[in-house]
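Protein chains in written order, with numbering that gives the first Met the number 0: chain P, 0 to 483; chain Y, 0 to 387; chain R, 0 to 92.
These aren't lab readings, by the way, just hints derived from the structure by calculation. Computed from a predicted model, the values in this text were never measured in an experiment. Treat the hints with caution; some may be incorrect.
Stated by the list, open to error - Straight-line alpha carbon distances no greater than 25 angstroms define the calculated DSS-like cross-link-like pairs of lysine-lysine that follow:
#1 P:K188 to P:K64
#2 P:K20 to R:K38
#3 P:K464 to P:K75
#4 P:K136 to Y:K116
#5 Y:K120 to P:K372
#6 P:K359 to Y:K120
#7 Y:K270 to P:K445
#8 Y:K116 to P:K445
#9 P:K464 to Y:K205
#10 Y:K116 to P:K372
#11 P:K372 to P:K356
#12 Y:K116 to P:K359
#13 Y:K205 to P:K359
#14 P:K372 to Y:K129
#15 Y:K120 to P:K356
#16 Y:K129 to P:K375
#17 P:K359 to P:K372
#18 Y:K116 to P:K464
#19 Y:K205 to Y:K129
#20 P:K284 to P:K75
#21 P:K213 to P:K356
#22 P:K136 to Y:K129
#23 Y:K116 to P:K438
#24 P:K356 to Y:K116
#25 P:K284 to P:K356
#26 Y:K120 to P:K390
#27 P:K105 to Y:K129
#28 Y:K42 to P:K464
#29 P:K64 to P:K199
#30 P:K372 to P:K390
#31 P:K186 to P:K199
#32 P:K136 to Y:K120
#33 P:K105 to P:K188
#34 P:K136 to P:K114
To be verified - So the derived label-pair ranges between C-beta atoms look like this:
#35 Y:A215 to R:L89: 21 to 29 angstroms
#36 R:V51 to P:G296: 52 to 60 angstroms
#37 P:V435 to Y:G54: 52 to 60 angstroms
#38 R:V51 to P:L19: 27 to 35 angstroms
#39 P:K438 to R:I53: 21 to 29 angstroms
Idealized CB from N, CA, C, for every residue including glycine.
Spelled out, the chains give:
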Amino acid sequence: MDTGKDRPDRKVRVDRRTLLKAAGATSAVLGLSGLGLSGYQAGRDPDSYTGCEGLQGSAQDFDRKRFAVDRPHYEKVGPTRRADGRTEVIFSRVGVARSAAQKGTKIEDLDEPFKSYYEQHPEDFEFDKQNSELRRKVAEDSPENKNRYILAEAWADAMGAVSPRPIGNDPPETSDFPRQGSHSPFKMKDPAATAKLIKKVSYEFGTVLVGITKLNPDWVYKYPSSRRGFARDEPIEVPKHWEYAIVVGTPMSWDPMYANPTYGTSNDAYSKSRIVAFRLASFIKRLGYAARPHTPGNSYDLMVPPIMVDAGLGEQGRHSIVITPELGCNFRPAVVTTNLPMATDKPIAFGVQEFCKTCKICAEQCPSGAISKGDKEVVRGYRRYRLHSSKCFNFWNSKHGSMGCRVCIAACPYTRKSNWVHKTALQVTANDPTGVSHKLLTGMQKRFYPGPEPSDFYAATLGGKNASYREPPWWLKTEDFIEL
Amino acid sequence: MATAKDVTKSRERLLALAILVSLLGGWVVGWFRHHSDIAGFLKQALPGAVRFDSGEDSIHTGLTHAQSESETAGFVAIRSVPGYAGPVTVAVGLDPNGTIVNAVIVRQTESPAFFRKVSDKGLPGRFRGKDCSDPFEIGGDVDAVTGATVTLTALTEAVRVACSDMATGRLGLPVVVKTRSPIQFGLPEILLILLIVTGFATHANKLPASAQIKWAVLIASLVFIGFVWNRPVSLTNINSLLVGYWPRWQNGVYWCLLLTALLLPIILTGKTPYCSHICPFGAAQDILMRLGGSSRQLPGKYALFFKILQRSLAWTAVMGALVFRNPTVITYGVSATFFTFIGANWQFVLLALVLIVSLFIARPWCNCLCPVRAVSDYIRLLRRSFAR
Amino acid sequence: MSFFEGGLFWFVEGLLAALAIVALRTWAQDKGIRMSFWKWPMVVVWVLFLGVSIAYVGTSIGEGEMDAAFLGAICGAVMASISGVVVWRLLRM
Numbered sequence: 000m001d002t003g004k005d006r007p008d009r010k011v012r013v014d015r016r017t018l019l020k021a022a023g024a025t026s027a028v029l030g031l032s033g034l035g036l037s038g039y040q041a042g043r044d045p046d047s048y049t050g051c052e053g054l055q056g057s058a059q060d061f062d063r064k065r066f067a068v069d070r071p072h073y074e075k076v077g078p079t080r081r082a083d084g085r086t087e088v089i090f091s092r093v094g095v096a097r098s099a100a101q102k103g104t105k106i107e108d109l110d111e112p113f114k115s116y117y118e119q120h121p122e123d124f125e126f127d128k129q130n131s132e133l134r135r136k137v138a139e140d141s142p143e144n145k146n147r148y149i150l151a152e153a154w155a156d157a158m159g160a161v162s163p164r165p166i167g168n169d170p171p172e173t174s175d176f177p178r179q180g181s182h183s184p185f186k187m188k189d190p191a192a193t194a195k196l197i198k199k200v201s202y203e204f205g206t207v208l209v210g211i212t213k214l215n216p217d218w219v220y221k222y223p224s225s226r227r228g229f230a231r232d233e234p235i236e237v238p239k240h241w242e243y244a245i246v247v248g249t250p251m252s253w254d255p256m257y258a259n260p261t262y263g264t265s266n267d268a269y270s271k272s273r274i275v276a277f278r279l280a281s282f283i284k285r286l287g288y289a290a291r292p293h294t295p296g297n298s299y300d301l302m303v304p305p306i307m308v309d310a311g312l313g314e315q316g317r318h319s320i321v322i323t324p325e326l327g328c329n330f331r332p333a334v335v336t337t338n339l340p341m342a343t344d345k346p347i348a349f350g351v352q353e354f355c356k357t358c359k360i361c362a363e364q365c366p367s368g369a370i371s372k373g374d375k376e377v378v379r380g381y382r383r384y385r386l387h388s389s390k391c392f393n394f395w396n397s398k399h400g401s402m403g404c405r406v407c408i409a410a411c412p413y414t415r416k417s418n419w420v421h422k423t424a425l426q427v428t429a430n431d432p433t434g435v436s437h438k439l440l441t442g443m444q445k446r447f448y449p450g451p452e453p454s455d456f457y458a459a460t461l462g463g464k465n466a467s468y469r470e471p472p473w474w475l476k477t478e479d480f481i482e483l
Numbered sequence: 000m001a002t003a004k005d006v007t008k009s010r011e012r013l014l015a016l017a018i019l020v021s022l023l024g025g026w027v028v029g030w031f032r033h034h035s036d037i038a039g040f041l042k043q044a045l046p047g048a049v050r051f052d053s054g055e056d057s058i059h060t061g062l063t064h065a066q067s068e069s070e071t072a073g074f075v076a077i078r079s080v081p082g083y084a085g086p087v088t089v090a091v092g093l094d095p096n097g098t099i100v101n102a103v104i105v106r107q108t109e110s111p112a113f114f115r116k117v118s119d120k121g122l123p124g125r126f127r128g129k130d131c132s133d134p135f136e137i138g139g140d141v142d143a144v145t146g147a148t149v150t151l152t153a154l155t156e157a158v159r160v161a162c163s164d165m166a167t168g169r170l171g172l173p174v175v176v177k178t179r180s181p182i183q184f185g186l187p188e189i190l191l192i193l194l195i196v197t198g199f200a201t202h203a204n205k206l207p208a209s210a211q212i213k214w215a216v217l218i219a220s221l222v223f224i225g226f227v228w229n230r231p232v233s234l235t236n237i238n239s240l241l242v243g244y245w246p247r248w249q250n251g252v253y254w255c256l257l258l259t260a261l262l263l264p265i266i267l268t269g270k271t272p273y274c275s276h277i278c279p280f281g282a283a284q285d286i287l288m289r290l291g292g293s294s295r296q297l298p299g300k301y302a303l304f305f306k307i308l309q310r311s312l313a314w315t316a317v318m319g320a321l322v323f324r325n326p327t328v329i330t331y332g333v334s335a336t337f338f339t340f341i342g343a344n345w346q347f348v349l350l351a352l353v354l355i356v357s358l359f360i361a362r363p364w365c366n367c368l369c370p371v372r373a374v375s376d377y378i379r380l381l382r383r384s385f386a387r
Numbered sequence: 000m001s002f003f004e005g006g007l008f009w010f011v012e013g014l015l016a017a018l019a020i021v022a023l024r025t026w027a028q029d030k031g032i033r034m035s036f037w038k039w040p041m042v043v044v045w046v047l048f049l050g051v052s053i054a055y056v057g058t059s060i061g062e063g064e065m066d067a068a069f070l071g072a073i074c075g076a077v078m079a080s081i082s083g084v085v086v087w088r089l090l091r092m
């Protein structure tokens with residue numbers, strides 16, 4: 000008698016043909032639905048916003064949520080001190096040294112606060128005094144050498160030709176707030192929604208990256224650097240309405256940037272970042288809140304890099320510039336301080352501190368040797384890499400082309416265009432906790448992407464070769480368009 | 000009656016003699032070519048000086064004016080310290096306060112790609128502004144340069160000696176007790192001795208399991224002598240020997256060991272245990288051959304062509320070194336490029352070819368191009384021709 | 000040039016890959032190589048590695064970084080050759 004045990008069960012025989020047919024059918028279904036989804040993406044594509052592709056915020060595509068941390072990477076070591084904008088900002092003190100060089104004034108005969116500063120940093124006095132002499136020597140270079148930069152300088156000046164009016168010398172209690180007689184601040188529904196709104200309009204105003212944080216008063220200058228409504232020799236009381244800081248900014252044009260220090264400029268990013276900041280401040284004032292732009296060149300009342308770190312835009316690198324995942328160091332920020340209530344962003348950690356420990360490419364390429372090759376030091380109570388600003392500024396005066404050097408930005412391995420090669424390298428180093436990939440990629444960067452000898456960057460009359468980190472783009476090669 | 004063997008033997012003797020004569024001739028020519036024109040370097044080292052007075056201690060005093068009444072602009076000393084391939088000679092200019100005005104290379108014979116690693120760091124120009132009594136310590140006030148340590152050490156030491164001589168001889172500064180270079184005998188030297196002894200013993204069949212031990216020695220050599228310390232034997236070392244640029248024995252223990260291990264067995268017995276059992280680049284080729292699975296030799300007519308090419312190239316390189324007193328004037332070795340990833344573009348191409356061909360043919364570099372092999376072949380020729 | 004940026008490019012690449020896989024199967028049969036579950040991934044990985052190297056060289060030239068392109072080509076050629084010989088010998092197993 001047949002029992003259930005002897006008769007084979009009715010199983011579906013899974014043979015090759017059936018498998019193939021099933022796989023094929025599934026593929027067809029998946030493929031067709033894929034077309035639907037892809038179509039949906041095409042409808043929303045930022046690149047379809049012809050002429051406004053860059054205003055959709057699509058450049059800020061790094062997954063900051065995954066790399067968010069609770070505390071920024073800089074370490075507070077002991078009592079902190081706010082920076083003196085009169086002496087610790089190179090542009091503010093260098094004029095004093097220059098006239099001292101002309102008149103032969105010694106440190107002990109200088110006015111305060113410069114006397115105390117130079118007494119503590121006597122070698123800076125020597126460096127700062129040399130700037131005029133260096134510029135003179137650069138001007139003695141041959142006409143052929145100088146004329147090579149005609150197009151680059153014309154482009155740089157043109158980029159700086161459009162600029163918002165400076166905010167003037169009224170105190171912040173007046174100039175930061177909407178005009179008298181305009182309405183009182185609108186009641187905002189939700190800080191998170193406000194933050195989302197502010198970021199969206201910032202993109203529309205032209206920013207490439209945006210981040211929001213609470214303002215740490217330690218980042219505000221103790222004494223002002225430029226005339227923006229504060230008395231020069233009186234300590235700044237951080238206004239209460241400077242509660243939040245919104246960081247915005249734009250990159251410099253990539254190909255001229257790689258041809259720094261001579262063919263590049265800061266002006267293109269500076270002017271665009273200024274425009275964004277002023278537009279944003281105007282927008283916020285229209286909502287009835289206080290807003291104050293702090294913008295490049297030298298129109299700041301605060302230090303921007305630590306605010307960028309707080310806002311989660313990036314990590315500060317060895318060269319003191321904040322490295323962002325999307326743009327590397329090629330980002331010139333501006334800040335808008337405001338009392339508009341917004342949700343804030345968290346700082347991020349994506350492997351930069353590990354990388355900078357062993358990389359040192361910026362320090363090795365630096366023409367003036369201003370970037371530290373050693374470990375972090377304590378500066379005003381915070382642990383960070385020290386930058387020798389007097390040496391750096393000396394080199395600014397030792398070369399042709401638009402003001403500034405920017406070689407460290409061009410040489411930094413993080414400052415790469417966004418193609419699959421560099422995006423992969425970024426993802427690898429960001430996700431590698433061991434530091435192995437950092438050392439490996441640094442070695443590869445040094446061998447595969449070499450730069451000129453640092454002393455070659457100097458003007459020919461100062462012993463250099465007028466070298467640039469990379470060749471200029473075709474549209475800045477003056478010799479191809481103008482008789483030199 | 001002269002047999003074919005006798006004819007061959009006397010032909011060989013003639014060839015050996017001819018080569019020897021040519022090498023001696025090259026040495027003599029080099030001797031007469033060796034001149035020194037330092038005036039230009041003095042001016043580079045101390046640009047503010049218009050003329051120089053030279054002292055017997057070979058320190059030159061720079062003066063501000065051409066007339067007899069002039070101020071001292073500073074001092075210049077030219078000092079040499081043995082580098083990798085030969086001496087690195089530096090001219091250092093000091094101002095009367097003891098600050099370095101400039102430091103320039105007068106002469107160096109290091110391999111170009113390696114010297115570029117040092118000069119790319121701005122050296123010796125970066126010494127400008129330093130004080131003559133600075134420690135000049137690599138890793139301290141002087142940055143290390145990966146892959147060119149020996150060159151950098153020589154350069155720094157030359158600057159230090161120049162400064163110290165001028166400081167004590169002209170600036171009246173107290174004599175700083177110079178720390179004598181310690182004798183370098185550490186892990187590299189010990190491991191090298193171990194590898195040489197084991198390799199030789201295996202070659203002479205004095206050890207059991209000789210195949211496995213041979214592989215162990217070769218792999219260890221590849222890793223340590225090759226990648227970690229980047230210090231295999233190359234023609235540059237032999238050229239330095241012939242030209243007379245011998246390293247200071249204190250930090251030359253490694254080199255003495257290596258060159259002895261290479262040359263002594265060939266001279267005494269005609270055998271080359273270094274090549275077959277120790278050379279790290281040979282080890283790399285052996286590994287590739289194993290991966291490739293076949294170990295063919297080069298077909299006959301190609302073998303002859305390459306033998307002639309190999310030996311002519313080596314002869315040219317040695318003659319160049321002797322005539323120009325520069326061990327690296329003609330370098331075409333690729334093992335340094337393999338282990339340090341530093342070299343000219345054509346060296347990378349040649350290296351790639353050698354590595355790929357090694358998959359199919361046994362030791363192509365050794366058999367077709369290696370100049371050290373050509374040198375050992377010549378020593379064997381000398382032995383056959385003149386030894387009893 | 001923009002053909003290489005669009006979706007059509009990858010579609011065509013997919014077609015070519017399918018063709019290549021069919022050809023590989025036929026060629027292996029002719030050579031008497033029995034392909035198995037681990038041999039396919041090995042060949043695919045090797046081809047991908049070769050492809051990435053070629054793409055890297057192309058990208059570097061496009062960026063204007065000639066040193067990177069040259070060294071990438073050298074390293075790619077050497078590594079592809081060595082691994083290619085190893086893959087070939089493993090296929091014959």
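How the hints compare with the structure:
The hinted pair formed by K188 of chain P and K64 of chain P meets the criterion: a straight-line CA distance of about 24 angstroms does not exceed 25 angstroms. Between the alpha carbons of K20 of chain P and K38 of chain R the distance comes to roughly 24 angstroms, so the proposed pair stays at or under 25 angstroms and holds. Note on K464 of chain P and K75 of chain P: the hinted pairing is violated, with a Cα-Cα distance of about 42 angstroms set against a maximum of 25 angstroms. Taking the CA atoms of K136 of chain P and K116 of chain Y, the gap is near 29 angstroms; set against the 25 angstroms cutoff, the hint is violated.
Using a Cα cut-off of 25 angstroms, the hinted pair K120 of chain Y and K372 of chain P holds, with the two alpha carbons roughly 13 angstroms apart. For a cut-off of 25 angstroms, the pair hint linking K359 of chain P to K120 of chain Y stands: about 12 angstroms separates their Cα positions. For the suggested pair K270 of chain Y and K445 of chain P, the alpha carbons sit about 42 angstroms apart, so the restraint of at most 25 angstroms is broken. The suggested pairing of K116 of chain Y with K445 of chain P holds, with an alpha-carbon distance near 11 angstroms, which does not exceed 25 angstroms.
Restraint check for K464 of chain P and K205 of chain Y: the C-alpha separation of about 61 angstroms exceeds 25 angstroms, so the hint is violated. Simply put, K116 of chain Y and K372 of chain P have alpha-carbon atoms about 17 angstroms apart, close enough for the 25 angstroms limit, and the pair holds. At roughly 9 angstroms between alpha-carbon atoms, K372 of chain P and K356 of chain P fall within 25 angstroms of each other, so this suggested pair holds. At most 25 angstroms may separate the alpha-carbon atoms for a hinted pair to count; K116 of chain Y and K359 of chain P meet this at roughly 15 angstroms.
A distance of roughly 50 angstroms separates the Cα atoms of K205 of chain Y and K359 of chain P; the hinted pair therefore is violated under the 25 angstroms criterion. A C-alpha spacing of about 17 angstroms is found between K372 of chain P and K129 of chain Y, which places the hinted pair at or below 25 angstroms, so the restraint holds. Simply put, K120 of chain Y and K356 of chain P have alpha-carbon atoms about 19 angstroms apart, close enough for the 25 angstroms limit, and the pair holds. Using a Cα cut-off of 25 angstroms, the hinted pair K129 of chain Y and K375 of chain P holds, with the two alpha carbons roughly 23 angstroms apart.
As the CA atoms of K359 of chain P and K372 of chain P are separated by approximately 6 angstroms, the hinted pair is consistent with the 25 angstroms bound. For the proposed pair K116 of chain Y and K464 of chain P, the alpha carbon gap of about 18 angstroms is at most 25 angstroms, so the pair holds. Pair hint K205 of chain Y plus K129 of chain Y does not hold up; C-alpha atoms about 57 angstroms apart against a cutoff of 25 angstroms. Proximity of K284 of chain P to K75 of chain P is assessed by CA-CA distance (about 34 angstroms); at most 25 angstroms being required, the pair is judged violated.
The straight-line distance between the Cα atoms of K213 of chain P and K356 of chain P is roughly 29 angstroms, outside the 25 angstroms bound, and the hint therefore fails. As the CA atoms of K136 of chain P and K129 of chain Y are separated by approximately 23 angstroms, the hinted pair is consistent with the 25 angstroms bound. Straight-line distance between C-alpha atoms of K116 of chain Y and K438 of chain P comes to about 19 angstroms, which keeps the hinted pair within the 25 angstroms bound. The suggested pairing of K356 of chain P with K116 of chain Y holds, with an alpha-carbon distance near 21 angstroms, which does not exceed 25 angstroms.
At most 25 angstroms may separate the alpha-carbon atoms for a hinted pair to count; K284 of chain P and K356 of chain P exceed this at roughly 43 angstroms. Straight-line distance between C-alpha atoms of K120 of chain Y and K390 of chain P comes to about 17 angstroms, which keeps the hinted pair within the 25 angstroms bound. Distance check on the hinted pair: K105 of chain P and K129 of chain Y sit about 23 angstroms apart at the alpha-carbon level, within 25 angstroms; holds. With a CA separation close to 20 angstroms, the supplied pair K42 of chain Y and K464 of chain P stays within the 25 angstroms bound.
A hinted pair counts as satisfied when its Cα atoms are at most 25 angstroms apart, and K64 of chain P with K199 of chain P qualifies at roughly 18 angstroms. At roughly 14 angstroms between alpha-carbon atoms, K372 of chain P and K390 of chain P fall within 25 angstroms of each other, so this suggested pair holds. A threshold of 25 angstroms between alpha carbons decides the hint, and for K186 of chain P with K199 of chain P the separation of about 19 angstroms falls inside it, so the pair holds. Note on K136 of chain P and K120 of chain Y: the hinted pairing holds, with a Cα-Cα distance of about 24 angstroms set against a maximum of 25 angstroms.
Distance hint between K105 of chain P and K188 of chain P is unfulfilled; the C-alpha atoms sit about 60 angstroms from each other, more than 25 angstroms. With a C-alpha separation of about 28 angstroms, the suggested pairing of K136 of chain P with K114 of chain P is violated against the 25 angstroms cut-off. Between A215 of chain Y and L89 of chain R the beta carbon distance is about 25 angstroms. The supplied range of 21 to 29 angstroms therefore holds. In this structure, V51 of chain R and G296 of chain P break the distance hint of 52 to 60 angstroms, their C-beta atoms being roughly 44 angstroms apart.
Taken as a hint, the range 52 to 60 angstroms holds for the pair V435 of chain P and G54 of chain Y, whose Cβ atoms sit roughly 56 angstroms apart. Checking the proposed 27 to 35 angstroms range against V51 of chain R and L19 of chain P shows it holds: the Cβ atoms sit about 30 angstroms from each other. A C-beta distance of roughly 26 angstroms is found between K438 of chain P and I53 of chain R, which places it inside the suggested range of 21 to 29 angstroms.
Hint violations for this structure: numbers 3, 4, 7, 9, 13, 19, 20, 21, 25, 33, 34 and 36, all remaining hints satisfied.
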